[in-house]
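Engineer: Each chain is listed here by its residues.
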Amino acid sequence: MSIRLTNIAKTFGRTQALEPINLDIHDGELVGLLGPSGSGKTTLLRIIAGLEQADAKPAGRIQFGERDVTQVHVRDRRIGFVFQHYALFRHMTVFDNVAFGLTVMPRKERPSSGEIRARVHRLLEMVQLEDFAKRYPAQLSGGQQQRVSLARALALRPDVLLLDEPFGALDAKVRQELRRWLRHLHDELNFTSVFVTHDQEEALELSDRVVVMSNGRIEQIDTPEALYRAPANRFVFEFLGDVNRLEGDVRDGVLTCGDARLAVSELDDGREELLLRPHELKLADAPSDAAQLPVTVTSISPIGAEVRVELEADWLPAPWLATVRHADFERLAISRGQRLYAIPRRWHRFDDATAKPRQATAA
Amino acid sequence: MQRIGDAPRVRRILVISAVLLAALFLLLPLVAIFAQAFAQGVEVFWRNVSNHYTVRAIGLTLFITVLTIPVCLVFGVALAWLVTRFSFPGRRLLQTLIDIPFAVSPVVAGLVYLLLYGRNGWIGNWLDGYDIQLMFAWPGILMVTIFVTCPFVARELIPLMQAQGSRDEEAAVTLGASGWTLFRRVTLPNIRWALLYGVILTNARAVGEFGAVSVVSGAIRGQTNTLPLHLEQLYQDYNTVGAFSSAALLALIALLTLAAKASLEWRAARQEA
Amino acid sequence: MITLANITGSAPKRVLPGFGLSLGISLTFVSLMLLLPMTSLFGQLSGISLAEYWRIITDGRVVASYIVTIGAAAVAALVNAAFGLLLAWVLVRYDFPGKRLLDALMDLPFALPTAVAGITLATLYSSNGWMGRLLDPLGIQVAYTWVGIALAMAFTSIPFVVRTVQPVLEDLPNEVDEAALTLGASDATAFRRVILPHLWPALVTGTGLAFVRSLGEFGAIIFIAGNAPYETEITALMIFVRLQEYDYVGASAIASVVLAVSLALLLAINIWQGRFIKRLHGGRG
Numbered sequence: 000m001s002i003r004l005t006n007i008a009k010t011f012g013r014t015q016a017l018e019p020i021n022l023d024i025h026d027g028e029l030v031g032l033l034g035p036s037g038s039g040k041t042t043l044l045r046i047i048a049g050l051e052q053a054d055a056k057p058a059g060r061i062q063f064g065e066r067d068v069t070q071v072h073v074r075d076r077r078i079g080f081v082f083q084h085y086a087l088f089r090h091m092t093v094f095d096n097v098a099f100g101l102t103v104m105p106r107k108e109r110p111s112s113g114e115i116r117a118r119v120h121r122l123l124e125m126v127q128l129e130d131f132a133k134r135y136p137a138q139l140s141g142g143q144q145q146r147v148s149l150a151r152a153l154a155l156r157p158d159v160l161l162l163d164e165p166f167g168a169l170d171a172k173v174r175q176e177l178r179r180w181l182r183h184l185h186d187e188l189n190f191t192s193v194f195v196t197h198d199q200e201e202a203l204e205l206s207d208r209v210v211v212m213s214n215g216r217i218e219q220i221d222t223p224e225a226l227y228r229a230p231a232n233r234f235v236f237e238f239l240g241d242v243n244r245l246e247g248d249v250r251d252g253v254l255t256c257g258d259a260r261l262a263v264s265e266l267d268d269g270r271e272e273l274l275l276r277p278h279e280l281k282l283a284d285a286p287s288d289a290a291q292l293p294v295t296v297t298s299i300s301p302i303g304a305e306v307r308v309e310l311e312a313d314w315l316p317a318p319w320l321a322t323v324r325h326a327d328f329e330r331l332a333i334s335r336g337q338r339l340y341a342i343p344r345r346w347h348r349f350d351d352a353t354a355k356p357r358q359a360t361a362a
Numbered sequence: 000m001q002r003i004g005d006a007p008r009v010r011r012i013l014v015i016s017a018v019l020l021a022a023l024f025l026l027l028p029l030v031a032i033f034a035q036a037f038a039q040g041v042e043v044f045w046r047n048v049s050n051h052y053t054v055r056a057i058g059l060t061l062f063i064t065v066l067t068i069p070v071c072l073v074f075g076v077a078l079a080w081l082v083t084r085f086s087f088p089g090r091r092l093l094q095t096l097i098d099i100p101f102a103v104s105p106v107v108a109g110l111v112y113l114l115l116y117g118r119n120g121w122i123g124n125w126l127d128g129y130d131i132q133l134m135f136a137w138p139g140i141l142m143v144t145i146f147v148t149c150p151f152v153a154r155e156l157i158p159l160m161q162a163q164g165s166r167d168e169e170a171a172v173t174l175g176a177s178g179w180t181l182f183r184r185v186t187l188p189n190i191r192w193a194l195l196y197g198v199i200l201t202n203a204r205a206v207g208e209f210g211a212v213s214v215v216s217g218a219i220r221g222q223t224n225t226l227p228l229h230l231e232q233l234y235q236d237y238n239t240v241g242a243f244s245s246a247a248l249l250a251l252i253a254l255l256t257l258a259a260k261a262s263l264e265w266r267a268a269r270q271e272a
Numbered sequence: 000m001i002t003l004a005n006i007t008g009s010a011p012k013r014v015l016p017g018f019g020l021s022l023g024i025s026l027t028f029v030s031l032m033l034l035l036p037m038t039s040l041f042g043q044l045s046g047i048s049l050a051e052y053w054r055i056i057t058d059g060r061v062v063a064s065y066i067v068t069i070g071a072a073a074v075a076a077l078v079n080a081a082f083g084l085l086l087a088w089v090l091v092r093y094d095f096p097g098k099r100l101l102d103a104l105m106d107l108p109f110a111l112p113t114a115v116a117g118i119t120l121a122t123l124y125s126s127n128g129w130m131g132r133l134l135d136p137l138g139i140q141v142a143y144t145w146v147g148i149a150l151a152m153a154f155t156s157i158p159f160v161v162r163t164v165q166p167v168l169e170d171l172p173n174e175v176d177e178a179a180l181t182l183g184a185s186d187a188t189a190f191r192r193v194i195l196p197h198l199w200p201a202l203v204t205g206t207g208l209a210f211v212r213s214l215g216e217f218g219a220i221i222f223i224a225g226n227a228p229y230e231t232e233i234t235a236l237m238i239f240v241r242l243q244e245y246d247y248v249g250a251s252a253i254a255s256v257v258l259a260v261s262l263a264l265l266l267a268i269n270i271w272q273g274r275f276i277k278r279l280h281g282g283r284g
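Chains as they are written, first to last, in numbering that gives the first Met the number 0: chain A, 0 to 362; chain B, 0 to 272; chain C, 0 to 284.
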């Protein structure tokens with residue numbers, strides 16, 4: 000079931016939570032709404048669900064497939080909603096929680112109790128909680144509760160599954176596991192899913208496409224890969240990873256900042272700020288022709304396949320971060336206090352927060 | 000763990016003085032009620048309690064209470080649902096207004112009802128034309144009792160329902176529940192103990208209200224005398240044992256209220272653990 | 000002007016059910032049971048001139064009742080502040096046999112009908128009562144004096160202080176104690192400089208509520224007060240006396256003073272509390 004939002008806006012009192020937004024989500028897609036808190040992502044999700052009403056002016060439209068659901072009550076939208084803190088009914092067992100949606104159906108449509116039991120057990124099996132049917136939510140771990148809430152949302156076979164920060168309250172390891180599991184479930188059952196997250200790693204790992212939001216605006220909609228490679232603007236670039244800043248005066252194709260120099264033949268003269276990703280920095284014993292950026296190592300932390308190195312220099316207002324491979328780390332025998340030269344492989348430049356980027360590959 | 004005031008001597012002095020003061024100030028009166036009621040033996044107590052006028056007073060008090068509770072229950076739940084589940088202009092004001100009965104002196108409460116529904120009031124005057132008299136009759140007692148007790152249920156529910164938020168109800172709505180089903184299956188189980196406690200408080204106050212009721216009742220023995228009014232009359236007639244026999248019945252209800260509260264709190268604490 | 004129609008009519012569709020129903024019930028109830036009766040007071044008073052109103056509410060006997068009521072209520076509130084703080088502290092901080100009983104006992108004054116409390120206190124403190132017999136030889140007269148009035152007021156309003164201070168004290172994290180002690184404060188200093196400021200808003204609120212309650216209290220007081228004109232008559236009794244004389248205007252005038260003072264105090268407490276909460280919790284009340 001595809002989702003199409005046309006001209007959806009939302010104001011709370013005087014603050015505009017969402018500027019008029021257009022968004023197309025394809026059938027079977029898993030889409031992440033990513034943004035800092037207050038960016039409007041949860042509001043957007045709740046509007047899709049029907050838990051929140053979009054502004055009457057401008058008159059927006061929400062369609063599920065061909066069906067216009069703008070005026071349809073949340074009860075009748077055929078959505079499954081997974082709440083941030085699960086919102087499990089604490090006074091009901093796991094079984095009763097999952098069965099709830101089936102038991103409140105009008106008597107005519109309601110499946111027989113035998114069928115309800117079978118369906119709930121199938122769902123619990125799917126979320127690997129068949130042994131927990133008689134337990135109460137308080138007796139489960141956070142990850143288990145989240146799975147119950149997912150099973151509950153899926154019990155009515157919704158067209159669309161909506162998840163509000165589904166893994167926000169869980170610890171890192173469980174989160175990782177559940178993410179993989181959700182992706183798997185999504186591919187298997189093939190429904191359309193939208194989830195909200197403020198964790199860029201989660202959005203990039205899980206989504207087919209990511210919608211990056213800030214201040215009630217959609218900044219970019221793209222596949223994770225495209226998003227990382229070609230951020231539409233500075234906000235997206237900064238939000239998707241660590242950023243090093245280099246600010247200086249450009250003259251005759253060379254940017255100068257204190258005793259640091261970098262060849263930037265593409266740029267015109269004037270004040271410039273360049274942005275660099277940590278993995279786009281190479282460390283070396285000596286400066287290159289294009290880059291003379293002397294730095295001092297202030298901190299080293301090996302994390303996974305790489306080593307994170309923090310760099311400082313007189314000409315830097317804030318420290319830089321570089322990630323280097325273990326092989327390079329050992330070759331250079333990097334230690335704290337050591338003086339090295341940073342050599343950018345690549346840098347990025349944005350005219351302002353929303354304008355199109357320019358990128359260049361340095362020597 | 001080191002805490003302020005943990006020194007054994009400080010502790011002992013504070014605990015002993017608190018217990019002594021509480022015993023003198025709170026427990027002693029309680030004991031005195033029963034001592035006075037049984038001062039001339041169980042038989043006299045029983046004779047006093049089974050006296051015609053006392054029985055009529057008990058009957059009227061129960062009658063008023065039984066009518067008051069459902070009214071307060073419906074109003075309390077409706078108001079709590081309204082102010083905790085929706086936002087609308089005037090929500091804050093409404094929440095403040097229900098505290099009025101707590102701030103108003105019971106005598107003033109009785110007075111305003113008397114002014115409105117009494118024979119000199121504009122509604123009372125109009126009703127008088129149809130030969131309906133509300134004041135100095137049980138409907139008047141019922142009305143002022145509802146007035147003084149109406150905040151209890153709402154006041155118990157509002158903070159709880161505010162703290163719980165509407166997430167559970169929203170979840171139920173996404174699962175297709177509506178109206179009465181939603182309230183009965185999702186909201187009610189979450190608020191039942193607070194609701195019960197609110198009813199217990201309503202009951203205690205309804206049974207024991209004195210000031211407001213004494214203004215509107217007319218205190219006709221055997222007809223519009225509630226138990227508290229009845230014991231006042233006995234006391235004024237220097238029938239101390241009789242007065243305290245009725246007082247003992249009311250004190251018993253108070254004790255049951257305290258016990259119910261303690262057990263509800265104990266249950267809540269156990270659920271949290 | 001807010002009308003039912005423009006609240007329900009123009010508002011967007013609501014997610015949860017029951018808005019119309021609960022609004023209808025609440026508004027009907029609040030207007031019929033709470034607001035409408037209140038208006039009758041003003042209706043009654045609109046018939047008299049301001050001068051006459053002023054004469055009634057400044058009548059010598061009535062003014063004497065204000066003084067008795069406010070004086071006794073102030074004493075009761077202050078006693079309750081100290082006693083309530085002690086009880087709340089002991090109940091939260093210490094474990095001792097009978098603690099749960101003591102805790103339950105705190106609600107007795109709310110649960111016990113005021114008339115019952117009234118006749119009990121009057122009997123206990125009369126010259127041949129259990130307490131009266133002890134106090135009489137010492138020359139302390141409680142029943143039928145303003146001391147008795149203050150005692151009855153203190154009895155009915157003690158739970159206000161205990162029950163507002165108790166939860167705040169319970170929520171006070173242990174680190175506050177520990178921080179004060181590691182910084183070298185003595186118990187007394189730590190209590191005064193660290194604990195008390197935390198409890199202050201609750202203590203003032205509780206004491207304020209106790210005071211308001213005492214101003215309007217009737218049933219618990221009239222039995223022990225003696226009700227001697229100019230000496231031990233409380234204002235609520237004055238209203239009652241006027242009513243028995245069928246002087247509805249006089250009763251309404253005095254009642255309007257009591258009502259205005261109570262509502263003003265309650266409003267002041269609410270505003271003051273709101274500001275304190277803002278200071279402690281930042282922004283949202």
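If you are wondering where the hints come from, they were derived from the structure by calculation, not from laboratory data.
Treat the hints loosely; a few may be bogus.
What the hints assert, rightly or not - The list that follows gives simulated cross-link-like pairs (lysine to any residue, SDA-like), each with its CA atoms no further than 25 Å apart:
1) K56/A - F18/C
2) K260/B - F18/C
3) K260/B - V167/C
4) K260/B - K98/C
5) K98/C - A258/B
6) K98/C - Q163/B
7) K98/C - A193/B
Said to hold, decoys possible - Covered by chain A, per the in silico footprint, the following chain B stretches (three or more residues, Cβ under 8 Å):
8) 133-147
9) 182-194
Since we're looking at a predicted model, the values are computed, not measured.
Glycine is no exception: its CB is placed at the ideal position from the N, C-alpha and C atoms.
Engineer: Determine for every hint whether it applies to the structure shown.
Structural biologist: Hints and how they fare:
For the hint linking K56/A to F18/C, the alpha-carbon distance of about 23 Å falls within 25 Å, and the restraint holds. For the given pair, K260/B sits about 31 Å from F18/C by alpha-carbon distance, which is inconsistent with the 25 Å threshold. Between K260/B and V167/C the CA atoms are separated by roughly 20 Å; this keeps the pair inside 25 Å, and the hint holds. Among the hinted pairs, K260/B with K98/C is consistent with the structure: their alpha-carbon atoms are about 15 Å apart, no more than 25 Å.
Of the supplied pair hints, the one linking K98/C and A258/B holds, its CA atoms being roughly 14 Å apart against a limit of 25 Å. Restraint check: the Cα-Cα separation between K98/C and Q163/B comes to about 30 Å, which exceeds 25 Å; the hinted pair is violated. Taking the CA atoms of K98/C and A193/B, the gap is about 23 Å. The hint holds against a cut of 25 Å. Here's how the segment 133-147 of chain B fares: 0 of its residues keep a CB closer than 8 Å to some CB of chain A, so the rule of at least three is not met and the hint is violated.
Proximity of the segment 182-194 of chain B to chain A, defined as three or more residues with a beta carbon under 8 Å from a beta carbon of that chain, is established by the 4 residues found.
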